[in-house]
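Listed in order, the protein sequences are those of chains P and X.
Residue numbers for the first sequence follow our numbering, beginning at 17 and rising by one.
Residue numbers for the second sequence follow our numbering, beginning at 17 and rising by one.
Any given hint might turn out to be false.
No distinction is drawn between identical chains; accordingly, a pair holds when it is met within one copy or between any pair of copies.
Quick list of in silico lysine-lysine cross-link-like pairs, DSS-like style, CA-CA up to 30 Å [claimed, not checked]:
(1) 573 <-> 551
(2) 575 <-> 350
(3) 258 <-> 226
(4) 350 <-> 285
(5) 567 <-> 487
(6) 551 <-> 634
(7) 289 <-> 634
(8) 664 <-> 567
(9) 600 <-> 573
(10) 226 <-> 600
(11) 634 <-> 600
(12) 354 <-> 600
(13) 567 <-> 551
(14) 551 <-> 536
(15) 289 <-> 350
(16) 290 <-> 354
(17) 354 <-> 289
(18) 350 <-> 304
(19) 634 <-> 487
(20) 354 <-> 285
(21) 289 <-> 664
(22) 304 <-> 318
(23) 344 <-> 354
(24) 664 <-> 487
(25) 664 <-> 551
(26) 350 <-> 290
(27) 664 <-> 573
Calculated from the structure, these hints are not laboratory results.
Number of protein chains: 2
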Amino acid sequence: MAFAASVHAKAADLIKLAIEMTTAADSGHPTSAASLAHLVTVLMYDQMRFDPTRPADPGADRLVLSEGHSCPIIYAAAADLGMTIRFGGATRPMTRQDALTLRDLHSPIDGHPNPAEGFPFFPAATGSLGQGLSISAGLALAARLDGIDRRVYCLIGDGESREGQIWEAVDFMADYRLNEVCPIFNCNTYGQAAHVSHQQSPDVAALKLKAAGFDVRVIDGHDPEAIRAALREHAVYAQNLKDRLFAIVARTVKGWGFQEVMGGQGHGKPVPKKDEARALAAVDAKAKEVGAAWSAGDLQLKAPPSARRPTPSAIMAHTPLSLTDALKKFGQEKALAKGVLAPRKAFGYALRMLGHVNTEVVALDADVGNSTYTEYFADDPVLRQRFFECKIAEQNMISVAGGLASGGKLPFASTFAKFLTRGYDQLEMGLISRFNLKLVGTHTGLGPASDGPSQMSLSDIAFFHAWSTAKQADGKPVMYVLNPADAYCTFALIVAMAQHDGACYLRAMRPDVPLLYNDKTAFTLGGHQVLIEGKDVLIAGSGYLLHEAKKAVESLKAKGVNATLLDLYSLPFDGNAIADLATKNGGRVVTVEDNFGGSFGAAVADALTAHGGSFTLKQMYVSRIPKSARVPEDELQYLGLTADDIVKTAQGLTGGKGR
Amino acid sequence: MAFAASVHAKAADLIKLAIEMTTAADSGHPTSAASLAHLVTVLMYDQMRFDPTRPADPGADRLVLSEGHSCPIIYAAAADLGMTIRFGGATRPMTRQDALTLRDLHSPIDGHPNPAEGFPFFPAATGSLGQGLSISAGLALAARLDGIDRRVYCLIGDGESREGQIWEAVDFMADYRLNEVCPIFNCNTYGQAAHVSHQQSPDVAALKLKAAGFDVRVIDGHDPEAIRAALREHAVYAQNLKDRLFAIVARTVKGWGFQEVMGGQGHGKPVPKKDEARALAAVDAKAKEVGAAWSAGDLQLKAPPSARRPTPSAIMAHTPLSLTDALKKFGQEKALAKGVLAPRKAFGYALRMLGHVNTEVVALDADVGNSTYTEYFADDPVLRQRFFECKIAEQNMISVAGGLASGGKLPFASTFAKFLTRGYDQLEMGLISRFNLKLVGTHTGLGPASDGPSQMSLSDIAFFHAWSTAKQADGKPVMYVLNPADAYCTFALIVAMAQHDGACYLRAMRPDVPLLYNDKTAFTLGGHQVLIEGKDVLIAGSGYLLHEAKKAVESLKAKGVNATLLDLYSLPFDGNAIADLATKNGGRVVTVEDNFGGSFGAAVADALTAHGGSFTLKQMYVSRIPKSARVPEDELQYLGLTADDIVKTAQGLTGGKGR
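Work the whole structure out from these sequences, hints included.
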């Protein structure tokens with residue numbers, strides 16, 4: 017009883033602080049926070065093995081708050097525990113006063129979990145719902161690879177559990193028997209606009225979990241003893257029942273202790289200042305009613321097992337890696353014999369090579385490893401255990417990759433570029449988390465011509481480009497977008513991606529295309545290549561259409577037009593350098609790309625207009641929705657993107673001849 | 017037995033044609049197609065009520081091929097049935113010869129279902145997996161609203177059923193008791209790269225469906241009698257057991273009849289030309305083994321119930337709709353009294369008004385109707401039945417909207433703009449389907465400042481802008497992107513969206529902002545507004561930051577700089593008009609927006625460089641990842657996007673004074 021009394025007392029205190037901080041901020045979610053108070057108290061004060069002074073210690077158990085809006089309850093515990101935070105540049109224990117800065121511009125505690133702002137207890141930014149269980153799975157996999165006995169607790173809202181990604185994560189956990197993760201469903205019966213559906217009731221949630229192979233405990237989420245018993249049972253599963261899965265479904269009360277004050281559910285609404293005292297008193301009354309009484313020693317913080325992450329192999333800068341060396345190492349010397357190689361294969365070789373030189377490199381795929389060529393990595397006996405097959409569930413894949421990154425790994429996640437679209441929201445949350453994510457999309461642009469538009473990535477460059485315009489604290493872009501045109505460039509950029517600390521997206525196209533470069537050509541994130549120097553018109557392309565552009569430049573040459581051929585393989589690029597090149601070509605520019613507008617051509621337009629001066633730019637891109645064509649050449653014709661079309665466009669600018 | 021013998025004979029014929037057409041195309045998925053042969057035969061030749069000469073008749077049952085890559089089996093049946101297709105501009109019965117044009121540029125039968133190219137039997141483009149069940153649900157809802165007794169059959173691959181969206185759709189069906197939809201899980205045990213997980217086995221699939229409240233029949237998917245019995249049982253559910261749900265799980269064989277010829281699974285691989293005869297013979301042998309024997313009359317095509325869609329109320333062009341009229345009608349005259357109104361509220365009023373004047377208008381939300389103000393529609397007793405609460409499952413919401421559009425409705429789907437990202441892939445499939453989709457994202461850009469970046473849409477404009485650069489057959493953009501700055505503009509653009517036949521996305525921001533316009537101001541898709549005419553520098557903004565831009569222009573005026581203030585509320589816009597405005601302002605342009613780059617500013621850069629001439633453009637946008645701030649003003653300061661920042665940028669161009 018002493019344990020229960022102390023939990024009630026602490027939970028009530030945390031709820032009160034959660035009320036105060038959201039009232040101070042005049043926004044936030046105290047009622048959702050309160051529904052978690054007892055669960056969080058038993059977790060953070062008794063069951064989780066962690067040290068508040070080192071909340072992200074490699075050996076520490078982790079808590080992922082999938083329902084991110086409930087964060088005030090965690091902040092309240094952190095303030096009470098004096099957890100280490102970073103505030104205004106300095107690292108120090110969190111205070112109650114800090115908690116009251118919730119959501120302020122100068123506060124590290126954001127409205128939703130945002131570890132990058134100075135609260136490292138959270139392993140990931142959350143707040144777009146449904147992603148936490150996948151992140152938890154990634155954290156658990158990282159610990160496994162490091163030989164660390166880590167448990168990961170994931171708090172999931174009932175309304176949130178409508179998101180299909182939760183069930184993708186459940187299946188993924190089942191595939192990998194990831195019972196280090198303890199999913200805890202917080203069933204307070206309310207969504208934002210109304211009650212949750214019967215489909216998200218505790219009973220149905222339990223049935224769904226059982227159907228997926230989990231043992232489930234349905235508990236009262238405000239009963240300290242029941243919570244502790246369930247968490248202890250989970251620990252037994254994690255330790256001794258390696259082949260079985262375990263989950264907790266907790267019935268809870270939204271606004272525990274002060275729901276009458278809110279006069280209904282009050283999702284996302286703070287207690288108005290005028291009602292604050294009444295709300296605090298109501299919580300006290302409720303605490304008294306359930307027998308709350310704090311007694312030091314009833315709850316015992318558990319120290320984390322001592323653990324150290326393996327020293328990462330020095331990033332491979334010291335070993336110059338080349339495509340030729342990789343092919344030699346893997347007995348594939350003949351791959352280049354015909355002078356063509358699919359960039360997706362070069363990606364597969366590079367990934368496998370990286371796996372050998374850096375033990376942190378892990379790979380994920382979504383059931384298309386025999387198309388993306390991540391199978392080169394997956395089938396290598398040395399690397400196999402670092403490959404994670406996510407099946408056809410891209411949202412889960414991206415978030416698992418995020419969890420692996422949070423756990424210190426260097427994840428490469430791949431599928432067809434079109435299907436990465438499925439995980440754009442998850443990717444955004446990964447970027448907000450500042451995860452070191454590497455995405456590779458294959459079958460890009462018009463590559464899958466015969467399959468038709470449902471398989472074509474045509475908006476990917478525009479989407480990723482937007483993120484590339486934002487800067488990290490170090491001044492580098494939040495994301496690099498890479499579109500290599502040949503196998504050498506692909507290989508070199510995959511290596512550069514691994515060396516870079518930050519997110520990158522690379523398009524590794526499907527078709528076998530001619531080699532344009534060699535092992536010695538230098539490629540950098542942010543770089544570009546001038547392949548042919550001219551003076552009459554600048555023709556810039558990348559990826560698949562660089563080959564059409566090259567044919568066009570050769571054809572123009574025969575007509576007396578000296579065009580410059582530019583490989584714009586990176587976004588962002590050096591805008592001034594491109595503007596100078598344009599100036600040298602009379603201010604006449606043609607861009608060509610196998611995706612919609614607002615992409616590479618728009619980035620060139622940005623650069624030219626930012627530079628200032630007189631320019632004319634004709635952008636050639638996919639300007640209608642494609643359809644199937646048996647061969648890419650037909651598709652290019654359909655869309656007006658052949659070498660001949662480029663020639664005509666360039667002639668329109670130059671008046672048909674050199675100047 | 018005669019029935020079974022005829023089904024086997026027909027199924028074998030369809031498989032053979034599927035083999036031939038994929039071999040002719042040298043790509044495609046004959047093995048997946050073959051696993052569906054018996055299911056498709058019983059459906060299309062015996063149980064579905066449809067007329068091949070009018071495959072998209074309002075009264076017809078529909079078939080949604082969620083696993084789009086299996087389409088050759090449907091094309092084979094369509095060729096055999098002489099189904100109506102549109103080929104080369106003319107409408108005529110499909111032939112066997114047509115089937116052999118699979119995937120050709122000049123063929124209407126694409127590599128994946130693509131009804132827009134001339135094969136209207138498919139209600140939607142599919143091929144990005146996991147979306148068909150949601151589309152089916154939308155089709156069923158549309159039929160309900162129209163009082164039509166329509167059944168919708170949805171074929172779902174087992175590997176595909178890993179996509180969480182399938183389970184979002186299952187929950188949605190349960191909420192609405194949508195047993196007109198018959199989900200059929202095709203369990204051929206193979207994904208692309210390997211066997212499916214145990215989690216996608218027939219047994220686990222059946223358990224999951226039961227947990228969600230479905231009655232499930234697990235059958236042999238190559239047993240004609242079992243298939244017919246299950247489909248007949250479904251019909252009983254659809255007709256008489258309105259409160260119960262029904263699903264079929266079918267065990268099937270990938271490459272039925274010719275799997276040995278493929279030497280393994282052969283996903284996505286056609287039979288090589290050299291093996292074609294052997295594969296066809298193997299299918300014949302298998303057919304003989306199971307007693308195939310065709311006998312006319314064993315299978316009976318079922319005519320569709322005669323049905324007519326209600327004549328849509330004439331789009332409201334004849335009734336000029338105004339915000340003031342709407343407020344009067346709804347007894348909300350005071351809403352404008354303070355000179356401010358949140359655009360999201362104007363959206364809510366417009367949506368409700370449209371609901372009253374057009375019976376096709378339907379609304380969908382994802383548990384945030386009290387924030388997006390779709391509750392104005394949902395709470396109206398006249399409109400309530402046309403509102404669909406999708407709960408926290410955005411992927412399903414977008415695809416359900418697609419199904420409703422396919423069924424003739426005019427769907428408006430809304431949630432926070434950030435969470436629409438979750439459904440970008442679904443939206444893209446809707447655009448490929450040419451659905452008349454209207455999306456409204458609220459809490460846009462920096463509006464949710466205190467919530468932090470997890471709730472902010474910063475890449476939405478760039479993503480939608482990419483789609484806006486593609487043109488429909490009528491020359492209009494595939495998508496309009498709209499960013500109104502006040503309530504009048506929002507109201508007018510929502511009406512314009514409804515009048516336009518094509519997809520639109522509108523940002524309806526959260527904060528109360530000053531009114532800039534009135535009922536009589538004209539706003540058009542593709543339009544813009546000059547608010548203040550100047551000559552020294554063009555300052556273009558839209559949405560939230562137009563208000564900062566206005567302050568900046570007023571402040572510049574006091575400093576002797578005559579700036580032009582442009583409301584760029586639409587993408588695309590008239591680029592030449594904007595370039596002319598820029599020229600009139602000395603070629604000096606500043607753009608400002610509360611999202612990442614590659615968006616409005618980039619579209620201006622596109623316009624200026626396409627026009628040609630000498631311009632200098634300074635783009636101001638969100639150039640770092642935001643964090644929480646209690647008030648938007650702090651956030652603007654943090655990001656350098658205040659009126660003062662705009663003034664300084666403009667002064668940088670003008671040299672601090674007018675010219």
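Exercise. Hints the structure violates: just list their numbers, smallest first.
Key: 2, 7, 10, 12, 18, 21
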